[in-house]
Amino acid sequence: MEMEKISVVIPTYNRSALIERAVKSVAQQTYENLEIIVVDDGSEDNTESVINSIKDNRMRYIKLPVNSGAANARNMGVKYATGSLVAFQDSDDYWKPQKLEKQMEHWKEHPEFQMIYCAYSYSRNGNYLGKVPDEERKEVLEGKIFEHLLVQNTIGTPTILVNKECFLACGGFDTGFDSIEDWEFVTRFSQKYGIGYVDEILVDAYFTQGGVTAGTGNFFECRCRMIATYKEELMKTGTFDPVVEEVFLRAQKAGLLDIVKKMLLLYLQA
59 MEMEKISVVI
69 PTYNRSALIE
79 RAVKSVAQQT
89 YENLEIIVVD
99 DGSEDNTESV
109 INSIKDNRMR
119 YIKLPVNSGA
129 ANARNMGVKY
139 ATGSLVAFQD
149 SDDYWKPQKL
159 EKQMEHWKEH
169 PEFQMIYCAY
179 SYSRNGNYLG
189 KVPDEERKEV
199 LEGKIFEHLL
209 VQNTIGTPTI
219 LVNKECFLAC
229 GGFDTGFDSI
239 EDWEFVTRFS
249 QKYGIGYVDE
259 ILVDAYFTQG
269 GVTAGTGNFF
279 ECRCRMIATY
289 KEELMKTGTF
299 DPVVEEVFLR
309 AQKAGLLDIV
319 KKMLLLYLQA
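In terms of our numbering, the sequence shown opens at residue 59 and continues consecutively.
Simulated from the structure, these hints should not be mistaken for laboratory data. Values in this document were obtained by computation on a predicted structure and should not be read as measured data. For every residue, glycine included, the Cβ atom is placed at its ideal position computed from N, Cα and C. Misleading hints may appear alongside valid ones.
Think about it this way: if two alpha-carbon atoms lie no more than 27 Å apart in a straight line, the pair counts; the simulated BS3-like pairs of lysine-lysine are [as the list claims (entries may be wrong)]: (1) 189 with 166; (2) 202 with 289; (3) 222 with 196; (4) 289 with 311; (5) 82 with 113; (6) 320 with 289; (7) 137 with 250; (8) 250 with 196; (9) 166 with 222.
What follows is a set of in silico ranges between Cβ atoms, one per label pair, in the way DEER data are often shown [said to hold, decoys possible]: (10) 306 with 183: 28 to 34 Å; (11) 262 with 113: 20 to 26 Å; (12) 75 with 187: 18 to 24 Å; (13) 189 with 276: 22 to 28 Å.
Whole structure, please, built from the sequences with the hints as guidance.
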């Protein structure tokens, strides 16, 4: 597996000031059998000229005519991917040079998995905020982790390395989600496949204005949809009430408690 080709998909939208750093962090990987697919999601800045200035024959640039969201842009990137494995990078994040190599080493040791992810650090405005996941019990982070993902997401999109056939078999990212689409995808994926984890920070995520990970968007609506979708599983594991309580607490802090309560009820009754 270590010589398999990896297609790295990078969606971007008006990120010309940051996209070069993200792309170069992929190009400088110690694992060299890869291609880089930059999917420009209808940018109106000089993203294209920035990408064209990067001289790397492994890179492809795809310009979508209109902005359609990160989920669709990632799916489009996979459509053009020629590798048997796919990784995702965000236009404002940075990969450590050995990210892919270490993930592939772990995959070689555990061929039963169909996705490998790693830990990442996250910062905002230059201030370090923490590590994800911060859970020390690796047994809940690797293997059959569907029940864990029902409650919380510990898999950031830029940490994912996935078997392309399995990605497609699961339907890719749900374009109906304009928030937490990564959480929805990995939860759905984990119902069918085992997932491996490299307990090392190999990605630095930067929360920036307008970034993929920065906006909450329709977080509450999307989270309510997930809770309704997996109500039966949450009830079976005894986590339905704690999950709902956590969402309501977050909604209360945002001043949206009544709206979110009504929203969840509508999804549960649908």
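Each hint tested on the structure:
The straight-line distance between the Cα atoms of residue 189 and residue 166 is roughly 25 Å, inside the 27 Å bound, and the hint therefore holds. Of the supplied pair hints, the one linking residue 202 and residue 289 holds, its CA atoms being roughly 19 Å apart against a limit of 27 Å. For a cut-off of 27 Å, the pair hint linking residue 222 to residue 196 stands: about 25 Å separates their Cα positions. With a C-alpha separation of about 24 Å, the suggested pair residue 289 and residue 311 falls inside the 27 Å cut-off, and the hint holds.
Pair hint residue 82 plus residue 113 holds up; C-alpha atoms about 10 Å apart against a cutoff of 27 Å. The suggested pairing of residue 320 with residue 289 holds, with an alpha-carbon distance near 16 Å, which does not exceed 27 Å. With a CA separation close to 21 Å, the supplied pair residue 137 and residue 250 stays within the 27 Å bound. For the proposed pair residue 250 and residue 196, the alpha carbon gap of about 20 Å is at most 27 Å, so the pair holds.
Between the alpha carbons of residue 166 and residue 222 the distance comes to roughly 17 Å, so the proposed pair stays at or under 27 Å and holds. Roughly 29 Å separates the CB atoms of residue 306 and residue 183, a value that falls within the hinted 28 to 34 Å. About 24 Å separates the C-beta atoms of residue 262 and residue 113, a value consistent with the hinted range of 20 to 26 Å. For residue 75 and residue 187, the Cβ-Cβ distance of about 21 Å falls inside the hinted range of 18 to 24 Å, so the restraint holds.
Hint check: residue 189 to residue 276, Cβ distance near 27 Å, so the stated range 22 to 28 Å holds.
The structure agrees with every numbered hint stated previously.
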